[in-house]
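Asks: First to last, the sequence lines map onto chains A and B. Each number in this note's numbering corresponds to the 1-based position in the first sequence with 464 added. Each number in this note's numbering corresponds to the 1-based position in the second sequence with 464 added.
Warning: the hint list may mix true and false statements.
Each pair may be met inside one copy or between any two copies, as identical chains are not told apart.
[As the list claims (entries may be wrong)] Cut-off 30 Å, straight-line C-alpha distance, at most; resulting in silico cross-link-like pairs (DSS-like, lysine-lysine):
(1) 554 to 524
(2) 492 to 556
(3) 490 to 527
(4) 524 to 504
(5) 556 to 490
(6) 490 to 511
(7) 492 to 524
(8) 524 to 511
(9) 554 to 490
(10) 554 to 492
(11) 504 to 527
(12) 492 to 527
(13) 554 to 504
(14) 504 to 492
The set of hints was computed from the structure by calculation and includes no laboratory data.
Protein chains: 2
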Amino acid sequence: MKDVHSQCPCMERCPLNRAMELIGGKWKIQIICSLNSNGKTRYNAIKGNLDGVSNNILAKALKELERDGFVTRTEYMEVPIRVEYDLTIKSKRLMPILEALSDWGEENI
Amino acid sequence: MKDVHSQCPCMERCPLNRAMELIGGKWKIQIICSLNSNGKTRYNAIKGNLDGVSNNILAKALKELERDGFVTRTEYMEVPIRVEYDLTIKSKRLMPILEALSDWGEENI
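Please construct the entire structure, taking both the sequences and the accompanying hints into account.
Replies: As structure tokens, this is what we get:
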């Protein structure tokens, strides 16, 4: 691991803070974990996996995750149209870190 | 790593979500990184390391980090009284995960 952390806190440039902001939004961790567990998933199935999420919140979170490069959205030209979401490579690289944070949380919180 | 993640999203019980909530609060990552870089530090020195933080916000964040077991606060009976903050063992165990997340952020954001 690069030793850039000796200059912390590196404030605005802080990649850790930026990462936390991007994945810290409401429901984003649950969406990422749901896609990690289930693979390519349709919108309604994602909604079914997330107890209590509203359509507006889920649609907004998915749009932001797609914009920020965590999720892909694929449309299939069928009738009715089929839309599926999946994790990007970037998110899949993130998963071992999130699982380590989850294990840390389980042991320390 | 325990394979509990196959049941994700595990919603309210989610240790990952809980961990993100505890360290995701404003300025908390910067405080943790500052203490990790500098070791035991006085309040004013922490404030000096964090460009733009207000006294209220810093005092509140430190109090929450202490309550949640991330930071120790030690008072020295001197005149004037001396107060120093440091990371707990629990936080020190968290650092490799935060550094991995930071490196991921640097490469992917």
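Asks: Give a verdict on every hint.
Replies: Evaluated hints:
1. Taking CA atoms no more than 30 Å apart as the test, residue 554 paired with residue 524 passes inside one copy only; the shortest distance there is 20 Å, against 34 Å between copies.
2. In this assembly of identical chains, the alpha carbons of residue 492 and residue 556 lie at most 30 Å apart whether taken from the same copy (14 Å) or from different copies (26 Å).
3. In the homo-oligomer, the alpha carbons of residue 490 and residue 527 lie at most 30 Å apart both inside one protomer (13 Å) and across protomers (24 Å), since each shortest distance falls under that limit.
4. For a Cα distance limit of 30 Å, the shortest separation of residue 524 from residue 504 inside one copy, 19 Å, qualifies, whereas the shortest one across copies, 42 Å, does not.
5. For a Cα distance limit of 30 Å, the shortest separation of residue 556 from residue 490 qualifies both inside one copy, at 20 Å, and across copies, at 27 Å.
6. For a Cα distance limit of 30 Å, the shortest separation of residue 490 from residue 511 qualifies both inside one copy, at 14 Å, and across copies, at 29 Å.
7. Taking CA atoms no more than 30 Å apart as the test, residue 492 paired with residue 524 passes in both settings, with 10 Å inside one copy and 26 Å between copies.
8. For a Cα distance limit of 30 Å, the shortest separation of residue 524 from residue 511 inside one copy, 13 Å, qualifies, whereas the shortest one across copies, 36 Å, does not.
9. For a Cα distance limit of 30 Å, the shortest separation of residue 554 from residue 490 qualifies both inside one copy, at 20 Å, and across copies, at 25 Å.
10. With identical chains, the CA atoms of residue 554 and residue 492 are at most 30 Å apart both within one copy (15 Å) and between copies (25 Å).
11. With identical chains, the CA atoms of residue 504 and residue 527 are at most 30 Å apart within one copy only, with a shortest distance of 16 Å there and 42 Å across copies.
12. Taking the closest pair of Cα atoms, residue 492 and residue 527 come within 30 Å of each other both inside a single copy (11 Å) and across two copies (27 Å).
13. Proximity of residue 554 to residue 504 under the C-alpha cut-off of 30 Å is restricted to the intra-copy arrangement: shortest distance 15 Å within a copy versus 36 Å between copies.
14. Taking the shortest Cα distances, residue 504 and residue 492 sit within 30 Å of each other inside one copy (16 Å), while across copies they are farther apart (34 Å).
Of the numbered hints listed earlier, not one is contradicted by the structure.
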